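S.K.: Sequence:
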Amino acid sequence: MRDLTPQQEAALAIFKTNLHLPHGGFHSLIIELCKEYQLPFQTVRSVLMKVQRATERRIYDEFDTVAEDDLSQENWREAIKIELIELAQDNQPVMNNLLGNEHYLKAKAAIELPISSEDERDIILEDLMLAYEKEVFKPLLAMLHTTSLYWELMLAEELHMMTEACRQKFIEYPQHVEAAKFLFDLDSKVRSQTLRA
Numbered sequence: 000m001r002d003l004t005p006q007q008e009a010a011l012a013i014f015k016t017n018l019h020l021p022h023g024g025f026h027s028l029i030i031e032l033c034k035e036y037q038l039p040f041q042t043v044r045s046v047l048m049k050v051q052r053a054t055e056r057r058i059y060d061e062f063d064t065v066a067e068d069d070l071s072q073e074n075w076r077e078a079i080k081i082e083l084i085e086l087a088q089d090n091q092p093v094m095n096n097l098l099g100n101e102h103y104l105k106a107k108a109a110i111e112l113p114i115s116s117e118d119e120r121d122i123i124l125e126d127l128m129l130a131y132e133k134e135v136f137k138p139l140l141a142m143l144h145t146t147s148l149y150w151e152l153m154l155a156e157e158l159h160m161m162t163e164a165c166r167q168k169f170i171e172y173p174q175h176v177e178a179a180k181f182l183f184d185l186d187s188k189v190r191s192q193t194l195r196a
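The sequence shown finishes on residue 196 if you use numbering that gives the first Met the number 0, and the numbering steps up by one all the way, no holes.
FYI, nobody ran anything at the bench for these hints, they're computed from the structure. These numbers were taken from a predicted model, which means no experiment stands behind them. Certain hints may be false.
[Unchecked claim] Pairs of lysine-lysine, DSS-like flavour, derived with a Cα cap of 25 Å:
(1) Lys107 to Lys34
(2) Lys168 to Lys34
(3) Lys137 to Lys105
(4) Lys168 to Lys137
(5) Lys180 to Lys105
(6) Lys80 to Lys49
(7) Lys133 to Lys188
(8) Lys180 to Lys137
(9) Lys168 to Lys188
(10) Lys168 to Lys180
(11) Lys188 to Lys107
(12) Lys80 to Lys137
(13) Lys15 to Lys80
(14) Lys133 to Lys105
(15) Lys107 to Lys133
(16) Lys137 to Lys34
(17) Lys107 to Lys137
(18) Lys49 to Lys15
(19) Lys188 to Lys137
(20) Lys180 to Lys107
(21) Lys133 to Lys168
(22) Lys188 to Lys34
(23) Lys180 to Lys133
(24) Lys34 to Lys49
(25) Lys80 to Lys34
(26) Lys188 to Lys105
Using the sequences and the hints given, assemble the complete structure.
M.R.: Written as structure tokens, this is what we have:
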């Protein structure tokens with residue numbers, strides 16, 4: 000542990016007090032930022048911790064450059080926002096990713112032709128499932144980490160289980176719901192299609 004001056008100790012205490020978010024507020028903040036920036040829980044959590052450590056390092060190593068505003072929760076949140084905006088720049092809409100997914104494209108091409116066997120149907124359903132898993136399920140799961148919705152999503156691990164009632168639980172994630180509905184409808188269509196004689 001470093002030897003801190005009384006002023007550094009006071010600044011560190013003020014900073015830690017300002018960051019205190021009671022009643023699970025830290026976790027709730029991460030979840031809200033995941034939704035806002037469409038980033039995984041662990042990514043957002045890492046940014047929060049990184050920004051906090053950066054301010055603490057300034058208190059330890061560059062105390063003469065630390066202003067009172069640097070210790071505020073508002074400043075901390077603004078620094079987090081700047082980092083998350085940078086990370087989210089390359090985010091693509093979920094439907095764009097889905098429409099370019101190789102498994103979706105393979106399934107789409109096969110759906111346009113008559114299905115002649117149950118094996119063909121199973122291959123199409125598997126491709127739809129793989130597209131769902133990569134573009135909807137896993138990214139949404141990464142955002143929901145440690146929430147009660149995480150366990151709700153685990154119940155819809157298979158595409159055909161992502162019914163309207165299930166999708167309603169995730170309405171705060173509209174891009175994922177839209178893509179899930181799109182794939183669910185295709186899955187239902189393939190399941191109900193009669194085989195070519």
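S.K.: The structure should be examined with respect to each hint, and the outcome stated for every one.
M.R.: Hints and how they fare:
About 29 Å separates the Cα atoms of Lys107 and Lys34, which puts this hinted pair outside 25 Å; it is violated. With a C-alpha separation of about 14 Å, the suggested pair Lys168 and Lys34 falls inside the 25 Å cut-off, and the hint holds. Simply put, Lys137 and Lys105 have alpha-carbon atoms about 20 Å apart, close enough for the 25 Å limit, and the pair holds. Taking the CA atoms of Lys168 and Lys137, the gap is near 16 Å; set against the 25 Å cutoff, the hint holds.
Our distance criterion of 25 Å between C-alpha atoms is met by Lys180 and Lys105, whose separation comes to about 18 Å. Of the pairs offered as hints, the one joining Lys80 and Lys49 holds, with about 12 Å between alpha carbons and a cut-off of 25 Å not exceeded. Our distance criterion of 25 Å between C-alpha atoms is met by Lys133 and Lys188, whose separation comes to about 21 Å. For the hint linking Lys180 to Lys137, the alpha-carbon distance of about 16 Å falls within 25 Å, and the restraint holds.
Using a Cα cut-off of 25 Å, the hinted pair Lys168 and Lys188 holds, with the two alpha carbons roughly 23 Å apart. Note on Lys168 and Lys180: the hinted pairing holds, with a Cα-Cα distance of about 13 Å set against a maximum of 25 Å. Restraint check for Lys188 and Lys107: satisfied, since their Cα atoms lie roughly 12 Å apart, inside the 25 Å limit. In summary, the hint linking Lys80 to Lys137 is supported, as the alpha carbons are separated by about 24 Å, within the 25 Å threshold.
Note on Lys15 and Lys80: the hinted pairing holds, with a Cα-Cα distance of about 19 Å set against a maximum of 25 Å. With a C-alpha separation of about 14 Å, the suggested pair Lys133 and Lys105 falls inside the 25 Å cut-off, and the hint holds. Restraint check for Lys107 and Lys133: satisfied, since their Cα atoms lie roughly 16 Å apart, inside the 25 Å limit. With a C-alpha separation of about 15 Å, the suggested pairing of Lys137 with Lys34 holds against the 25 Å cut-off.
Of the supplied pair hints, the one linking Lys107 and Lys137 holds, its CA atoms being roughly 21 Å apart against a limit of 25 Å. In summary, the hint linking Lys49 to Lys15 is supported, as the alpha carbons are separated by about 14 Å, within the 25 Å threshold. About 23 Å separates the Cα atoms of Lys188 and Lys137, which keeps this hinted pair within 25 Å; it holds. Our distance criterion of 25 Å between C-alpha atoms is met by Lys180 and Lys107, whose separation comes to about 15 Å.
Distance restraint check for Lys133 and Lys168: the Cα-Cα separation of roughly 20 Å lies within the 25 Å cut-off, and the hinted pair is therefore satisfied. For a cut-off of 25 Å, the pair hint linking Lys188 to Lys34 is broken: about 31 Å separates their Cα positions. A C-alpha spacing of about 15 Å is found between Lys180 and Lys133, which places the hinted pair at or below 25 Å, so the restraint holds. This hinted pair checks out: Lys34 and Lys49 have alpha carbons roughly 20 Å apart, not beyond 25 Å.
Taking the CA atoms of Lys80 and Lys34, the gap is about 13 Å. The hint holds against a cut of 25 Å. Taking the CA atoms of Lys188 and Lys105, the gap is about 16 Å. The hint holds against a cut of 25 Å.
Hints 1, 22 from the earlier list are contradicted by this structure; the remaining hints agree with it.
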